[in-house]
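Heads up: the protein sequence lines correspond to chains A and S, in order.
When you line the first sequence up against the working numbering, it's residues 1 to 231, in that order.
When you line the second sequence up against the working numbering, it's residues 1001 to 1392, in that order.
No wet-lab data here; the hints were simulated from the structure.
Note that CB positions come from ideal geometry on N, CA and C, so glycine has one too.
Hints may contain errors.
Covered, in the sense of this in silico footprint (three residues per stretch, anywhere, with C-beta under 8 angstroms from a C-beta of chain S), are these stretches of chain A [as the list claims (entries may be wrong)]:
{"id": "1", "region": "43-55"}
{"id": "2", "region": "83-93"}
{"id": "3", "region": "98-111"}
{"id": "4", "region": "173-180"}
Derived lysine to aspartate or glutamate pairs resembling DMTMM-like cross-links, with alpha carbons at most 20 angstroms apart [what the hints assert, rightly or not]:
{"id": "5", "chain 1": "S", "residue 1": "1382", "chain 2": "A", "residue 2": "75"}
{"id": "6", "chain 1": "A", "residue 1": "138", "chain 2": "S", "residue 2": "1074"}
{"id": "7", "chain 1": "S", "residue 1": "1382", "chain 2": "A", "residue 2": "76"}
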Amino acid sequence: MIFLDKVTKTYRRGPDAFDVLADVSLEIDAGEICAITGPSGSGKTTLMNIMGLLDRPSAGRVYINGTLAGAASADELAALRNSQIGFVFQGFHLLPRLTATENVALPLLYRRIRRLEAREMARAQLRKVGLQDRFDHKPDQLSGGQRQRVAIARALVGEPAILLADEPTGALDAETAHEILTLFLRLSREAGVGIVIVTHDKAVADRCIRRIEIAGGRIFQDSRLPASCGA
Amino acid sequence: MWRLVMAEVWANFWSAPQRTLLALFAMTIGSGAVVALLEVGTLAEAESLRRFRALGTDLLVIQSAPPLTGEPVDIQLDDVDALRGAIPALSAVSPLAITGGVVKFAGTQVHGNLVGAEETLGNVVEISLETGRRFTPYDRAAMAALLGHTLANALSAGKRPIQPGDVIEVDGRALTVYGILRYRPTNLLLPVDFNNSLIAPIASVIRVTGRPALSAVLAKVDAKTVPTVASRLVKEWFHSLRRPKAVDVRSADQMIESVSEQTHLYADMLATIGGIALLIGAASITNVMLAAVSERKAEIGIRLALGARQIDIQILFLAEAVLLSIVGASGGIASGLIAAGVLAYFANWAFAVNGVSVLLGGASGVLVGVLAGVLPAVRAAKLDPIAALRTD
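With the rest of the complex left out, here is chain S (with noise of 0.2 angstroms):
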């Protein structure tokens, strides 16, 4: 029985055969639509952890929290020296005072950021210099600079390139160039964009600014700790102070967190467009066989005289139906992998067969495709015989 069904079914395919290329088109499209979307949308929530991971995730920005109510409470260098050694789990602290400033070298005025720092943030963040030499704790009164990347490109754009010994101005005040850093990828998560800084100890900017607050501390989780845990120490420790201080505490394993999530609901919209897609080529399907049904029936009538019961002339339908999804299905995965390792190729991340999407946009076509066989295959058994036979 079942040998003749797979035979007839076969032979059914070609009697038509552009209708069922045009099926067979519209399935592989809509599942090689979902295995590629589901695929791209794994390679870009992928991609986009693997960068934050890049941050660093042993690293905390302590920034003060703006109460609800009252003055903000700013975080002082007071506090920074008390934090140090407060709490074990972080292996270094160092303080940043962030303001703007105008910097003028040999006639060239350019706006940067202005940020004081100690020696401290090379242990922090990395920082590599390009030239010149880093901060030294004997540096910490000092009037000295080091200067970003981009700053001090902009600087160079006058005479000559700045370079270490030059004097710049900043706000009327003259500092001494003691390093130029090298460019560095933005980090997210730190307050303030390092190549276009001009890192001055924080002694010098506090003076310059007037004002003794502390725009945020950076500290370094030991390999021992989870970040969580540690940013939880450190603001029940600001809170513990005599007079308590409300701090936000930012980690990187919370911003790839929220930066899954939102590549989650990235990736499930490019799989509800998968589905969408693969919903035409169901209704296609639907639409090949519901031709099928009406150009043959005759043949049902023949065979219901015959004595097919109604469950006989479904499976010859749903038969067909099986046949065309799981071609299309096939057809679809391969073409969907081709297409996320294409995309994937020019858009440089690294590719992978994700074997989730392969097997659900394959289940889901030859899923969908059995439903969208199920109508035409119940209309089918459902024909009288006798208008069925009359008609030819």
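Isolated chain A, as found in the complex (with noise of 0.2 angstroms):
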């Protein structure tokens, strides 16, 4: 689904040199459900940023579904992330002057799907997470847990092959925090997509079968809990 083949990524600061990620090699399959942990500056998010395409290693290679990413263009590489990857940020990120449909409905747009064929689309997606009566909502009239589930719809709207998120429950209390995270194990279930989780809350971690952990930049540990003891 998705293969990290030796990847660092080296920052330069005037004459030094120090690497963020060093030599990191992942596998992570489909319907697989993934924590990463780590302090601060430990390169989770660096890592998330070359998992999502979004950042460009500086050596070593990233496959999305056994397609190589490293020498594709800019728009290229946005195809990639419109059609494989779905991002979740801990800050919804949703765009305010945008309804809850039209937001979830933006990366079938670029994927040139027809409008109304999109709007379709988005409400089933938002069945899915719950929001049937919130379609024509903006952002600011809804809950934080309600923007999330917005920002989730999104983020599997297009089907993609895993979904990155990043601190996913950050700014959201431990209740909905609970709901949340259950509703995206239940959906990788159903959808058998892949799930990345970036999270420094330990609650979250525990939840999730396959747990990495970094530090300074390394792999530190890769653990997998028996099967039967998710969500």
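Build the complex from these two chains, which are given one at a time in their own frames, with help from the hints.
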């Protein structure tokens, strides 16, 4: 599904160069739910950006569904992100002037799907996350949990291979966080999408079958729970 | 897609209304200036052409041209007699001998033009009298005078208004006033202003000055002939004389041409000023758009993460520039026409909406506005999605 092969990301600051990620190899399979944890500055956000094709590695290769992403142009990367990757951000990152339906339909419009069709698909996805009566609400008319549901619907509407979530519960209270996480796990089971959650929250990480801890730009520990322990 | 883009653009429009209105205002002023100044230029040109046409396009003014070397060869009365009938395209020919002199009447002294003319003058230019009578062929040797309007007024400043029958003194000779001319608008083509002139039979003026040379010959071109062709014929005729004479021939056509060139230049200059105003308007659109781009960095980042291609982002911002400039240019056309109309009203010009200036002003406004949106749009599309997402 997604395969990182000896990925290194080096930042240069004047004469100094330091590796934010050093020689990271990682494979995440379809339907797998994976938490990435680690202290701040450990490189987990960079790892996420590289997996999400938002950033390019300094060395090493990234394969999405068997496609090597290395030499792609900015527009080709955009098309790959559009078809293969769904993003859920900590701050929801909904467009404030669009309704819930329009927000969810946006990735489909960038895929050149016609407006009416995109709207229907967006509404179907909103129903799946339990927002059937919030279609025409703008983000500021929704609660935090509802906004994150819209963001999740937007991430999944294009039927991506993998869903990348950066601190998806960071802005939510514990109860809502629990609900959202439950939704994540259910959707991943239903849609067979791989989910990668970057999180500080031990409660979140504990519910994921696979846990990857990184520190100092390297994978420190990669462990799997027995499948029955999920959800 | 398009409807969504337009809906978003419209919403963005009002997300920073002050800035948007400022850009619209600048654009309206800019393209309004182009429209107004193009319009004013066109109106001014039409107006000055109209005035010159009023001079009469069938009048030729023939004067001896100073030769490059040697003595100037004057035109003489004999030449005028010979010219009459020599060129069929000239329906009338009349000589003028112009000098200056002091005119005295009833203790008042006035300096004026002393114009020697024949009774044929009336065939070439319109002479209308306030009072008295014209010259006749029998007056050619008479010591008689017609007074121009301004000169007559000046001479009337003394004891009583001057009238036909009064005797005036010019350089020691007595002339009888036959008539007083009506005021006539200055004709720039003529070598003398008749309002400030005393017109006397040419023979008597030559007697006063002692010089047989003529100052100018006026000729009227018949309706069938183009003035420029007639002037060439006149030049050739003078050149073919036994003693060839070089002459200058001026016609209204010629002056209209040079005046039209001048007003064209003037119109171009005004249009340039308008263009500068438009550029300032465009700069403010660029400014507004650049501000919008940096304000909406996070949004651009989200769109890029969701798979927007560079062209999608460019379209979003270009559409905004297009909308801004279309609205601004429409306002500009309206305000420009109003401004030109007000000016035309106060300048007493004929006002007409000139399609070219409206089209040119509107189109250049939209074009410049769109070009002004290109830089911000390109910059927005080139944003790094990570950096853009990090800003909030």
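The hints, checked one at a time:
no.	hint	in the structure
1	43-55	holds (count 4)
2	83-93	holds (count 5)
3	98-111	holds (count 7)
4	173-180	violated (count 0)
5	S:1382 x A:75	holds, 11 angstroms
6	A:138 x S:1074	violated, 94 angstroms
7	S:1382 x A:76	holds, 14 angstroms
Checked against the numbered hints given earlier, the structure breaks hints 4, 6 and satisfies all the rest.
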